[in-house]
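J.: Take a look at the letters that make up each chain.
Number of protein chains: 2
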Amino acid sequence: MAKKTLTTLQTIAERLHLSVSTVSRVLNGKSNQYRISSRTQQAVRDMACQLDFKPNQLARSLRLRKTQTLGLVIPDISNPFFAQIARSVEIEARRHRYSIILCDTQESTELEIESVRLLRSREVEGLILLPVGQQSKHLTNLQTEDFPVVIVDRFLPDLDLPYVASNNYRGAYDAVCYLVNHSHTKIACLQGLPGTSPNERRVRGYLDALQAHNIAPDLDLIRGDSYGSQTGYDQTRQLLSEKVSVTALFALSNLIALGAIRALVELNLRIGEDISILCFDDQPYLAYMDPPITTVDQQNTEMGRLAVRLLFEQLADETIEKKNVLLPTKFIERKSVKNLCLERRNKCTPKH
Amino acid sequence: MAKKTLTTLQTIAERLHLSVSTVSRVLNGKSNQYRISSRTQQAVRDMACQLDFKPNQLARSLRLRKTQTLGLVIPDISNPFFAQIARSVEIEARRHRYSIILCDTQESTELEIESVRLLRSREVEGLILLPVGQQSKHLTNLQTEDFPVVIVDRFLPDLDLPYVASNNYRGAYDAVCYLVNHSHTKIACLQGLPGTSPNERRVRGYLDALQAHNIAPDLDLIRGDSYGSQTGYDQTRQLLSEKVSVTALFALSNLIALGAIRALVELNLRIGEDISILCFDDQPYLAYMDPPITTVDQQNTEMGRLAVRLLFEQLADETIEKKNVLLPTKFIERKSVKNLCLERRNKCTPKH
DNA sequence: TTGTAAGCGTTATCAT
DNA sequence: ATGATAACGCTTACAA
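Quick note, the sequences are listed as chains A and B, same order.
Taking this note's numbering, the leading residue of the first sequence gets 22, the next gets one more, and so forth.
Taking this note's numbering, the leading residue of the second sequence gets 22, the next gets one more, and so forth.
Careful, some of the hints might be misleading.
Which copy is meant is left open, because identical chains are indistinguishable; a pair holds if it fits in one copy or across any two.
In silico EDC-like pairs for lysine to aspartate or glutamate, Cα to Cα no more than 20 Å straight-line [what the hints assert, rightly or not]:
| hint | residue 1 | residue 2 |
| --- | --- | --- |
| 1 | 87 | 179 |
| 2 | 158 | 181 |
| 3 | 158 | 287 |
| 4 | 75 | 166 |
| 5 | 158 | 73 |
Since the hints were derived computationally from the structure, they do not count as laboratory data.
Please work from the sequences and hints to get the whole structure.
T.: Shown next as structure tokens:
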């Protein structure tokens, strides 16, 4: 194999009988500042181009103590919800000439711990962290060392780190109001991962909306333990074998809804007729189902962009003014909820 | 703000009145090799732990000329197909203790060029590249400098770089055979991005399958110019307004199918009854549509894993034996294709 | 207008 | 069994 002889400042300098400093200065656009002759400038540039010189960012980073790199820690990049966030994070970071090191934690706190350590070891300047979310103590030192970080989606109640998330409470509250206004009172809640903030907020919104309409919540109607589709399927089958009076399902993720829908189809229940369904996280296909599914959409792209923006604010300012952002959700009405009765109930307003 | 005073080998060495070399050796598990006293070993380890020492990988990489990093270049990470590949790449890389720098090229060759340059500048040891795929000359120097790289999904005919992709030709061929065996002869092909290898191979499979059954292909039935859903919608509307006799649609991506389905619904055509549809790229929701959609599934996870494996083979061996892999697709029969006639046609076998 | 030299944090080579 | 030193490729005072 041909010897891999890479081009460095040294190489260029030698060929032109110059010092590395001069070459470095030219290539960093400091020619004017150092009054480098235009002849030299041209020669350096030409040679750099000719040799296809690529500055070694490693050396640069080491010297400058600046890596132009952010860490992105995500529970499951193959989940479209996370993938959309990842995309906007990458794009926004690149706008600032930063690169992204990606870690998929596979929904494991253990891998999350390892990932954060790894990324810090690689001297990333900051972290965009979508935590698994059920534990938080492994993140306390990020706080005490005030290492630049922005938490996204699932935040940690007992940790005071800046975050950006959807207004899950409000989104759920509004959704349940919508159901109630369509005269549903027996509404099951197919929840995601208990103990994670989006889940807790949504469940709280569900409960509060019911109470605001003087409907006594039945805690037994809250079922499930993960954001995946299997749970949606299992819980729906189980539930409908017990509680036949349920008229609507509120699924806390689109995958849960997918599972639920399969169960309903198997049970020969017509969606939007025999039973209504409504779910969190819009995805393109939901508009194409039969019937199209009514959803609570999150602003994924905005979430990613904002996270990066907040991170850069931390990197720039000495004064880290902790700023948390809750993005509004967007209710998308389609055809999966039946209006059981034509007269509307009283209008509703959320508590928080 | 508290001064950011990071712990280095130096710090530990000073505190223990040792040299950095000794500390380095202990922390790199070379204690035995250098016969370091167990007392020293213990002291070093304790201090490292106490100070929460994280070795600076930048310095390490620079010195060792080994970054333990791969570059992943992807046209659109928010596309579930790509996201699934990305995930398996990340997981497989991590198994080898490698990190991933992610670049989303937004389907732009220009950004692809920039990304490759950037990644090489960051001294990644190898590249997993999912090219935009319509141009290739900007990648020739990867070949001439034999920089370790594996191309995934879309490969470049005039470039001799190792790749892993699905057997798109065979997948399409089989799918069209299936349609023909269900007595369809007027089959439209809703294609993706022309000029990209998966598209060309699939179209070729489509044509060959028709010819193998003595059906003269009508080139006017091949429509479309991108993998997105808008194309699927537009082309389907257009097509059905012109060619009413078409009985089946073969969509070359699931997004195209989604668009097509919307068009069909709007036209009041019942899928699997009035018209049949079949598409590439299985996604979870396709099983839940009404009717469930028959698809040609690709082994995304395997593709990512294999790509990393091929890349590591390159990194290990001096002898770069170029190895290309075509993964078989998997035909998933559901309910979206109607059998127009009960007697079957003759069995089919592909040409390649 | 350009060169010299120190240093970023690590590891490898050669001493002792 | 441990230490001193050079080097990885780059930037930046400080010289000249």
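J.: Evaluate each hint against the coordinates.
T.: Hint check results:
no., hint, result
1, 87 x 179, "neither (31 Å within a copy, 39 Å between copies)"
2, 158 x 181, "within (12 Å within a copy, 50 Å between copies)"
3, 158 x 287, "neither (43 Å within a copy, 53 Å between copies)"
4, 75 x 166, "between (34 Å within a copy, 14 Å between copies)"
5, 158 x 73, "between (48 Å within a copy, 16 Å between copies)"
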